[in-house]
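*Asks:* Take these sequences, add in the hints, and give me the full structure.
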Amino acid sequence: MAKAKTWLEPHPHGLYVRPADLWIDPARPVERAAVTHGHADHARSGHHAVFATPETLAIMALRYGVDIAAHHNHAVAYGEGFERGGVRFSFHPAGHVLGSAQILMEYQGERIVVTGDYKRRADPTCAPFETVACDIFITEATFGLPVFRHPPTEGEIAKLLAAVRAEPHRCVLVGAYALGKAQRVIAELRAAGWHAPIFIHGALERMCALYSDHGVPLGELRLVSESAKDAMAGQIILAPPSALNDRWSRRLPDPVTAMASGWMRVRQRARQRMVELPLVISDHADWDELTATIAEVDPQESWITHGSEEGLLRWCELTQRKARALHLIGRDLEEEA
Amino acid sequence: MKRFAALIDRLVYTRSRNSKLALIVDYLRHTPDPDRGWALAALTGALDFPAVKAGTVRALLGARVDEELFRLSRHFVGDTAETAALLWPDAPLGKEAEELSVAQAVDALSSATRGDAPAILASLLDRLDGDGRYALLKLALGGMRVGVSARLAKQAFAQAFDVSIDDVEELWHAIPPPYAPLFAWGEGKAPRPDLTDVAFFRPFMLAHPLEGESIDLSDFAAEWKWDGIRVQLVHGGGETRIYSRGGEEIGAAFPELLAVFDQDAVIDGELLVRGEAQGGAEGGAASFNALQQRLGRKTVARKMLADFPAFVRVYDLLAVDGSDLRALPWHERRRQLEGFVPRLAASHFDLSPVIAAAHFDELATLRAGARDAAIEGVMLKRRDAPYVAGRRAGLWYKWKRDPLVADCVMMYAQRGNGRRASFYSDYTFGCWTDAGELLPVGKAYSGFTDDELKWLDKFVRDHTIGRFGPVREVEKTLVLEVAFDSIHASKRHKSGLAMRFPRISRIRRDKPAEEADRIATLRAMAT
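Listed in order, the protein sequences are those of chains A and B. Counting in the UniProt record's numbering, the first sequence tops out at residue 337, every number present. Counting in the UniProt record's numbering, the second sequence tops out at residue 527, every number present.
Treat the hints loosely; a few may be bogus.
As the list claims (entries may be wrong) - Covered stretches of chain B, as calculated for chain A (at least 3 residues, CB under 8 Å):
no., region
1, 5-17
2, 75-85
3, 391-397
Everything labelled a hint here was simulated from the structure, so no lab data went into it. Yeah, the Cβ is synthetic: ideal placement off N, Cα and C, and Gly gets one too.
*Replies:* Okay, here's the thing in structure tokens:
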């Protein structure tokens with residue numbers, strides 16, 4: 001069996017697969033990149049050739065104008081793969097956002113999985129996480145502390161609906177990251193029986209349309225900019241977190257400020273952001289999911305990337321699992337968790 | 001505990017004062033005794049469980065969670081109670097224990113000794129969900145951090161049961177938690193509790209600012225306005241208490257006064273520190289800054305007592321030898337006060353003198369000299385007015401000396417709260433050092449109109465040159481004329497100065513920033 005360290009090199013700005021001369025989620029432009037998903041801390045602009053799922057490529061096309069049709073870009077569907085320099089690459093659902101993938105690499109009998117970002121609970125907007133057996137498991141650790149236990153999503157959605165109904169003269173403004181979180185909140189609301197139009201900030205419009213085009217129904221969406229103030233009373237508004245409590249929100253009818261994020265689990269975090277209605281809805285694995293996944297995959301070694309590496313490392317130590325922290329830079333988009 | 005936990009949870013995230021009030025009102029109306037009383041005590045910081053401290057909680061967690069994981073988590077969350085509430089394992093599903101009441105929790109915590117406190121706390125935590133654990137730990141450790149003052153809690157009580165806030169203020173300190181007689185009275189099920197032989201608080205009579213009116217001195221008496229804090233000393237039923245204006249007990253910080261106030265009486269006066277800053281040797285009072293050294297302490301070192309000796313300048317007598325004088329006119333109370341003050345230790349009490357001025361013009365001249373004498377201004381009290389709670393029109397006026405002004409340069413801005421959450425409305429401004437560097441001298445968030453606020457907000461957004469979390473640094477080009485009552489030496493700021501009551505008096509778009517005032521100019525104004 002090959003020694004991973006001889007063919008996969010962790011660098012501060014990404015993982016380099018030497019035999020294939022290819023980077024995974026590099027933080028700066030490279031000749032050849034495999035991209036796990038479309039969030040900006042994993043998918044950067046400026047690569048010459050990109051290997052990603054068709055959905056991720058579509059997202060990169062939308063955000064950066066990546067030319068999907070160009071011959072050097074390769075759409076790799078879930079379960080499919082390609083070979084390069086003796087390394088076999090394949091993509092498997094990560095359950096994080098539309099198109100998010102874990103990348104499995106096989107080289108001289110050794111199997112390495114890079115999770116990118118992932119979660120284990122159900123999400124109506126993307127394919128569920130699949131466990132892939134491997135020797136080395138490279139996992140994220142955004143919520144790698146035992147204080148992070150996300151409550152059931154239905155309960156958080158119920159809190160949101162209760163708040164809307166409690167004060168029909170106001171509206172609830174939910175801060176949700178434009179890619180993934182916003183569409184998931186909308187889809188969860190629809191699943192909970194909220195069929196009224198949902199009002200969105202202009203920055204969410206194109207990504208919502210992309211989701212719909214990929215077969216994720218979001219129901220009727222209206223632009224806040226094209227809606228009368230009165231029409232939004234008693235309704236749900238979605239905007240990127242940066243628009244909360246800013247000038248843009250002055251056009252809304254007395255909004256209750258909500259935010260959908262795993263960080264909302266910590267009260268002082270929510271208070272600092274002036275959030276009145278914290279919704280613990282996350283697209284990342286919580287502590288229980290992270291530890292259960294490592295136990296389930298049961299690799300010979302775990303490499304821990306961005307987030308609270310120390311917490312997860314400590315857990316591996318306590319459960320006598322071999323682990324190390326990779327210090328990648330430019331990860332950890334606070335807004336997106 | 002569920003209702004209390006939900007209340008705490010909502011209060012944590014609610015910023016507007018009125019919304020907080022509405023939440024507490026609703027809770028008090030719909031929660032039975034004694035839970036609501038204990039909840040009220042917890043909100044106002046009136047509970048103390050000596051056997052339960054943050055160390056107890058840490059030790060408890062140490063036995064259940066890996067120490068390193070606890071340390072990392074605590075570091076991230078920044079609060080022991082919240083960390084513990086989040087880390088504590090949930091009860092297994094389907095094994096929901098019978099609901100724990102706030103009263104049961106308080107009973108259990110009160111009976112705890114250092115030895116069994118961890119076990120007691122653990123058994124309580126096992127019966128609660130995450131929000132419940134947070135509320136319990138905050139209740140047990142104190143320091144709710146939900147932004148509810150004692151005054152707000154009392155207002156909520158008054159509003160919940162449609163009684164007067166003055167009555168609530170009076171009764172509050174006379175009845176211990178969980179305040180059953182207070183609730184019974186509020187709900188009309190019992191008469192007003194009897195306060196004979198109790199050192200209870202009397203709500204303060206307050207003054208309006210004098211704005212341009214001319215006052216006839218045959219109707220009004222004038223006194224100097226001293227820059228200390230307003231206090232009420234009460235001796236009765238074998239107890240002595242010192243109350244601040246908000247009805248907070250501050251006696252622990254002034255043991256020397258508690259020790260010597262031994263007359264059966266209630267006095268109203270200004271708490272000051274001996275010195276010569278205010279009104280020179282004759283005035284006999286140090287600056288407010290000196291008094292600040294003494295405030296907010298739970299215990300006082302001997303050196304503090306010697307370096308900053310406190311005394312009370314008495315200006316009203318509300319009760320004496322068992323009779324309530326509040327209904328009497330000011331001149332009659334004053335006559336009795338003058339007879340009473342000699343009964344107090346001259347070392348710690350003196351009488352606030354009435355200013356001899358025949359006409360308003362003469363008083364105006366005296367007031368104009370107040371700045372030079374380093375006195376805050378004058379008070380005007382209607383001679384025939386009784387002592388009534390709150391701020392009533394036409395009875396008492398405060399006539400502060402004219403403010404000082406300085407031209408400062410805006411340096412940083414931060415967003416406000418509530419209605420102003422989307423506006424940059426809090427400004428830090430600075431003045432020039434001799435070396436040509438700008439140093440912050442103060443911060444203000446008032447004094448401007450709504451239109452001016454819109455303009456300032458836009459200025460901040462268009463001229464941002466740096467961001468530090470919620471704070472924006474702006475181009476140092478805008479001159480703000482700042483009005484302030486006084487300025488003092490302070491170690492807290494790099495400029496070595498701190499302003500009292502600063503507000504933006506004008507936006508000086510016309511003035512180039514380099515022509516703003518220098519630190520040296522401000523230092524010359526310091527008292």
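*Asks:* Taking 8 Å as the Cβ threshold, is the statement that the region 75-85 of chain B is covered by chain A upheld or broken by the three-residue rule?
*Replies:* holds (count 6)
*Asks:* If you count the residues of the region 5-17 of chain B with a beta-carbon closer than 8 Å to a beta-carbon of chain A, do you get 3 or more?
*Replies:* Held - the region 5-17 of chain B has 4 residues with a Cβ nearer than 8 Å to chain A, which meets the minimum of three.
*Asks:* Tell me whether the statement that chain A covers the region 391-397 of chain B is true, taking a Cβ distance below 8 Å and needing three residues at minimum.
*Replies:* violated (count 0)
Violation of the numbered hints given earlier is confined to hint 3; every other hint is satisfied by the structure.
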